[in-house]
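Novice: If you want the building blocks of each chain, they are given just below.
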Amino acid sequence: MKMRVASIFALAGYSLLIVAPLYLALDRLVWVAGFDPYAWINSLNENYITQGVIGFTFLQAALSTLFTLIIGIPIAWQLGRHKWPLQSFVKSILTMPFVMPSIVAAMGFLHIIGPAGLNIRVDESTWFTTLIIAHAWFNMALVIRFCEPVLSTLDPNLEQQMRLLPAGRTKFGRFRNLWAPLLMPSVAAAACMTFIFSFTSFALVKWITLGDNTLESVMASVGSSAGIKDYMISRNEIILGASLIQFTILLAALWIMSWLQQRRQSLLPQASEAIVKSANRKGWLIIGPGLLFALSPLIAVLWASFRVRHTDSTGTTYTWETSGWEFAFAGTNSLPSGWDALANSLGYAGLTLIIALPLGWVLAQTILDVEKQRPRLARLLDILTMLPFAASSVMIGLGVMLGMIRIDAEFFYSFWPTPVFAHIMITTPFVVRIMLPALRSISPEYDECARTLGIVAWRRFFFIKLPLLWGSILIAGIFTLAMSLGEFGASWVVTRNSDWTTLPIMIDSLRSIPYNTTYTAPAACAISSVLMIITLFLFTWAEKFRPARDGGMF
Amino acid sequence: MLECKELSKSFEKELFTGFNLELKPGEIIAITGPSGCGKTTLLRAICGLETLDSGTINLDHVDITNVPAEERGIGLIFQSPVLFPHLSVQGNLLLGDENGDISTALEEVGLSGFEKRRVESLSGGEGQRVSLARALLAKPKVLLLDEPFSSLDEDLSEKLVQDVRSILKKSDCPAILVTHNKKIAGDFADSVISLSN
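These protein sequence lines are chains A and B, in that order.
To convert, note that position 425 of the first sequence is 454 in the numbering used here; the numbers rise steadily by one, no gaps.
To convert, note that position 106 of the second sequence is 1554 in the numbering used here; the numbers rise steadily by one, no gaps.
In case anyone wonders, no lab produced these hints; they're calculated from the structure.
Since we're looking at a predicted model, the values are computed, not measured.
Virtual Cβ for every residue (Gly too), placed ideally from N, Cα, C.
When the alpha-carbon atoms are kept at most 25 Å apart in a straight line, the in silico DMTMM-like pairs for lysine to aspartate or glutamate are as follows:
#: 1; chain 1: B; residue 1: LYS1587; chain 2: A; residue 2: GLU474
#: 2; chain 1: B; residue 1: LYS1589; chain 2: A; residue 2: GLU477
#: 3; chain 1: A; residue 1: LYS494; chain 2: B; residue 2: GLU1563
#: 4; chain 1: B; residue 1: LYS1617; chain 2: B; residue 2: GLU1556
#: 5; chain 1: B; residue 1: LYS1461; chain 2: A; residue 2: GLU474
#: 6; chain 1: A; residue 1: LYS306; chain 2: B; residue 2: GLU1568
#: 7; chain 1: B; residue 1: LYS1457; chain 2: A; residue 2: GLU477
#: 8; chain 1: A; residue 1: LYS494; chain 2: B; residue 2: GLU1498
Which chain B residues stay away from chain A? Per the calculated CB distances, all over 12 Å, these:
#: 9; residue: GLY1558
#: 10; residue: GLY1561
#: 11; residue: SER1569
So here's chain B without its partners, still in its complex pose (with noise of 0.2 Å):
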């Protein structure tokens, strides 16, 4: 399970004060706001790549504000698919588990067989398919996705909506979604936060 409570957090202004949020095992939580309130920030401070200015953020009842990113086990899907480009999509995916078993992962994000594809060779959904998996087979206690669908076509979008929520609730892994699109939030998640200006 994981708290945030009274997180707070200012850069040149104040983007969020006093945050709290619960997430349960399984869970899935969209946070909508509009550009520029601090839902990116908040989601690279739960994982650890922003430090706050108060609050804790406490994993399975353990504190983990002040442990390095790398060792929260939590994962995060950027807006664009970060790809390593020096490596196919299975040197990508054994990123996330050396033992991992890959063709299994791509099987459920609907990629099967592009395990020797070369990463710019994707399209913006297979890149975010691809991410996805790999972030899912460092199995993550929680999974975080900063507006994973924003770059994409809205058909191609809708179907993905759909694709992750599955994956997710199947894999039963928490997450937390970033977005300013509230149908996208609605069509999501279990719940929804609004994070205003």
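Extracted from the complex, chain A is given alone in its bound form (with noise of 0.2 Å):
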């Protein structure tokens, strides 16, 4: 098949799968609410339920970034700069949190400061700290991904002649006048995912600071009741006042980071990384809290799936059981049983693979065909495909359930695939991210030297362009199955509706059963330790293929 043919395939998929739900969605919201923007937002302040959201959702965004910025950085630098003993096994470790479902997060920090850890969640002001920090482990990897490679790779030749200069004789005055340079656009654009991730937090929001709700939580939890004809028309516009601060605020940050990564493309000596590094043993000082900070909560979700509580007339204990597994995977009236809900998963992220992978690698190829002859078209494709980064998980899971509102609520709520569009529609903006790039690095020599060699196009797409684009390729399918097993946001809202439950939906619903029975905590890690050792699985798997100077976001 040509690849225009392709093109014209992948754009009208991406339009009916990702484009139009949105549309159908804001449709059916404006239908109900009227179109009237300042109503939408003022609504937002003059609602009990979402007063204060805004300034919330910010503040702790801010915090969230400045925060995983002071902890990042120095790791950054000392993986950057120095040699480690298993040097990959240990940034594997660091930047594999990035990965992690955020509801296994949740699970696992909620039991670090519980009554079987820290016990300090009693206590309502340590919550807001406890998110900032859970958001600082989830986002530490981004600034160690945008930054060590350009500090691991920069000649040091760069470093000797400032060393000789005047204006860098002093380590002050190297970092002013060299690193600081040199890496502010890598930490921005790190600081602006951070900003854009804290913003749209939701599992995190959800269950560690009770009661208070940034913009991505309120929509999830008003957004069962709205689309409806005359009914509850201020929780319509609660969400399209959401949407719309959300929207332009995540498209300002994409457009700044877009703005910052062309930067960073700017050509910087480079040298092995052998020649750069060098042995530092004081740096273990930094790279051992790292790690431990890293694994703790992991280990916490792995621990309390084997902790029960019992509480009698003479106190509470906690006894080391299996009971929390057994109980998981056998099923109750009101849950489902772990094996269906791990059935669910694995059948969603199959078909979102079998889908976004093909769709977002065409996408990907389409935007690099247009970009030699209509820039100006790529450049508009290319934000078109990030769309989604702009929408959240939440607004996308909005989007599927009120276009199935829209088309026939009856059928897509029995159709078992439906969240499946959720998933590609969150999934396949990162897959033509991980594929742009990768399709950028090949000489277009490759594919000219192939045909003065006789080489006719099909086999210049199998034995050429596909064993150069292998490793990218299996990056970005591995990426799509762990989010897709992993996504929460958008599931919750389209499939609380339905028996579909997913695992991230299971040890949601299992975390909300207020402790009638002494299992459902420890079922809950239990289920979030599967999701967990899955995606470490993928992860760790998807780890030996990414390119060595790779410097991309995922």
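Two chains, two frames, a set of hints: combine them into the complex.
Specialist: Okay, here's the thing in structure tokens:
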């Protein structure tokens, strides 16, 4: 198939699967609430449910970004400038939190601060701090991924030259004149992404700061009663207002990030990591606590899955048991078994992979093809494929849900693959972002050389292009699987009226049962452990295929 | 026989206009000229990687002006060796001819025993020799060489010029070399054409 035909199919598929549901949702909400953006935003301040939400969302996102940079930059510096035993393993552990499902992180932090851990959860004042720390745990990988490649491959001649110049004789001078300007685009890009992810945080906010809401969690909680004519019109306004603010902020952040990414691509003189890196024992003072920080919520989840609480007249005791796991996988009248949730999750992830991977790949190829002739159109397509990034998972979930109501609610609520729509919307932009730099990195000379050797198009594709892209295809595929398996926000909105429980939804459902059995908390941690182990396996597998100088965000 | 008639091409400026060339079987021609005069574009147009503004190219009396690059039977050696990093030396050579005699091809370019070597372990000169062996395995009707010696040091360049010339003559393969180095052009080719700005 010629790329032109494939591109048309991909663009049509993207419009149908991703743009159309968002449009239908918006159309439905405006149909109920009327077109009055001022009233939408005003409703956020006037309604008792949403008072203070805008301020809280901005404050927690800003503080989370600041704290993430404070802990991420020293770790990135140590990883980039110094040698470590088991270098790639250490880096994998420190960057792994980013791919962990947010609900697993929430369970981990809940256990750390809960009664079986530090026991500080009873004090409400610790919730906000815990949320900021959890966001930093989640996003420090972004700082490492953005900054470490710049640090680890920068030609040491630059620093040596700077040392010999008056402006670089002191450490501060070198920081001001060399490192700060070189690292600033990467640090700022990481800060933008951290801000975006903290701004749209859902699972961590829902579970760690009970009662406090971000725009994202507000949309999720009022979403179920939206889109119905003459019913709770203010809730439709709240969703529209929150979406408008969120979309504007996220689009601005993405635009800044895209601009910074272009600046990052300016060619820096590079050298081999072996020349750049030196030993530094004192660095363990940073890397050691960093490793502990990265691992502790995950260890806590596994630990908590075997700790069962017993309360009687003499007090509360914890015992080591496997009954949490048994409870999780047995199923009850109100909950499906862990096996059902696992089967659903794997089914959805597989289906998402089959559709999102080729769709994202062809979209990336289309952008690249158009780029040469019509750069403005390519930029527009690039932004269009990033649209779901600016829409957040809950907004996407609402889009699918309201789109379903608009088309045929009965059919879609009984249609098993329905959540896949949301998963495709969420994962396709990631595939595009992974495949686009990979496609760009293939020198056109390879194809030209093959053509002068008389190799026909299909052989060039299978024997030249495919093997050169293999690593990136695997990373994109594994990332799609991991993202789909751990997806919580959109699935929570789409599937709560159905029986198709996924692993993250089951964790949420188990934790939502108000301690009527002693097994719900360990059962939630048991399911979290399953999700964590699958994600860990996928992540370590993907790391094997990552190109050595990959400075991409994922 | 390769015949180029009235070839013209311009990008932002005129690169070449009314360019004519006749390359007889077994003949080696060098085209020299300063940087930016359109030497590389001319080669890329001859092998079909660039389209021409006007003019015709005939190969063995057949008009190939609009024939895709992969169907022309014209080989090209790039300025820097283009070797596929996911394949070994042998894998790269098999792209030229699936049933080709790899060890003989390597022996001809002075790289016996290099079959299993990874391409990133090759030096610049070795890489160019592998490119040459691969191009010859494809049995091109004409071989084009785009400054393949420019990135090598002087001694290696001189040796490779002689080696490649004798291999081409031995295989009776007509060739066009473009270079800005008049000495290399003189040493390598039977005749030299100068392309000016």
